[in-house]
Amino acid sequence: MSFCLDTYLQQSDNYEIHASRAGFKDCAMIIRFKADEVVYIKPGDQVLGVRVIGIPPIPIGIDEKKGTVFIPYTKPCHGTSVVELPIDEEEIDNIRKLNTQ
Amino acid sequence: MKALVLLGCPETPSQTPLSIYATHKLTQMGYDVTIAANPAAKKLVMVSDPENHYINKMADLEKLLGEINEGDYDLLLGFVHKDAAASFFVTFYHLLNTKSIALVFERDMDLVEEYTNMVAENTDATVVSVRAFHNPTPIKVRLDKVLKELE
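From first to last, the protein sequence lines are chains A and R.
For the first sequence, our numbering gives the first residue as 1, with consecutive numbering after it.
For the second sequence, our numbering gives the first residue as 1001, with consecutive numbering after it.
Be aware that one or more of the hints could be misleading.
Unchecked claim - DSBU-like, lysine-lysine: derived pairs with alpha carbons at most 35 Å apart:
1) R:K1140 x A:K42
2) A:K25 x R:K1057
3) A:K25 x A:K65
4) A:K42 x R:K1002
5) R:K1148 x A:K34
6) R:K1002 x R:K1099
7) R:K1042 x R:K1099
8) R:K1025 x A:K65
9) R:K1002 x A:K25
10) R:K1099 x A:K42
11) A:K25 x R:K1043
12) A:K65 x R:K1042
13) R:K1140 x A:K75
14) R:K1025 x A:K75
15) A:K75 x R:K1145
16) R:K1057 x A:K65
17) R:K1140 x A:K66
18) R:K1148 x A:K42
19) R:K1063 x A:K25
20) R:K1063 x A:K75
21) A:K97 x R:K1145
22) A:K42 x R:K1025
23) A:K75 x R:K1057
24) R:K1043 x A:K97
25) R:K1148 x R:K1057
Derived by calculation from the structure, the hints in this document are not laboratory data.
Whole structure, please, built from the sequences with the hints as guidance.
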């Protein structure tokens, strides 16, 4: 699946920003606090076809009931945000396979 | 030998001159140097070296992130002066798995310590830390020292 998060956030409205312009550690804490299930991945592992930036272990939150994923999203000048966006079941399984813990 | 110079947000005044200086030094050492930066940081470097006397290759940071693989570069040199820059450096370090140097600088000593710890605890990179913002000299002195150790 080819996916550009920047483009998605510009062209969609079915996502939620839980934190923005924050430090990575704060965003990691928010994901652990908000998500029912947390999978820990390595820096550079791909979620939705995008390499995730961060400090290991990088938490990825999963809300299976809502069908959403919480990911940290880092930009050089804007720090890290926590974005919750829809995801299909197959992608949730792909994320679970990346779990390092 | 190929080196990747990783730039962060261009808000800090020392980054652009030091990126050109570091590229010059690494080129003299025999490295084929690529600077990876976001569009704003790239423009600052390009305007500073209009005839490419020092800069040879530039890459878009996020595009490169999606493309790089282990073995693509022999040296990673990263400018770490924000939380996001530390995250980018650690991520590139894990993807490239190569010899790496982090230049950590900030005007606030607490942040210097915080970013230094973020990099040191999550990589085996050589971490050079100094309190600096407008004046590039303290960073340049430490960069010279760490590059000399590479020779």
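Tested hints:
no. : hint              : verdict
1   : R:K1140 x A:K42   : holds (32 Å)
2   : A:K25 x R:K1057   : holds (33 Å)
3   : A:K25 x A:K65     : holds (26 Å)
4   : A:K42 x R:K1002   : holds (25 Å)
5   : R:K1148 x A:K34   : violated (48 Å)
6   : R:K1002 x R:K1099 : holds (11 Å)
7   : R:K1042 x R:K1099 : holds (24 Å)
8   : R:K1025 x A:K65   : violated (55 Å)
9   : R:K1002 x A:K25   : holds (32 Å)
10  : R:K1099 x A:K42   : holds (19 Å)
11  : A:K25 x R:K1043   : holds (30 Å)
12  : A:K65 x R:K1042   : violated (43 Å)
13  : R:K1140 x A:K75   : holds (26 Å)
14  : R:K1025 x A:K75   : holds (28 Å)
15  : A:K75 x R:K1145   : holds (30 Å)
16  : R:K1057 x A:K65   : violated (47 Å)
17  : R:K1140 x A:K66   : violated (51 Å)
18  : R:K1148 x A:K42   : holds (32 Å)
19  : R:K1063 x A:K25   : holds (24 Å)
20  : R:K1063 x A:K75   : holds (13 Å)
21  : A:K97 x R:K1145   : violated (43 Å)
22  : A:K42 x R:K1025   : holds (32 Å)
23  : A:K75 x R:K1057   : holds (22 Å)
24  : R:K1043 x A:K97   : violated (40 Å)
25  : R:K1148 x R:K1057 : holds (23 Å)
Against the hints set out earlier in the document, violations occur for numbers 5, 8, 12, 16, 17, 21, 24.
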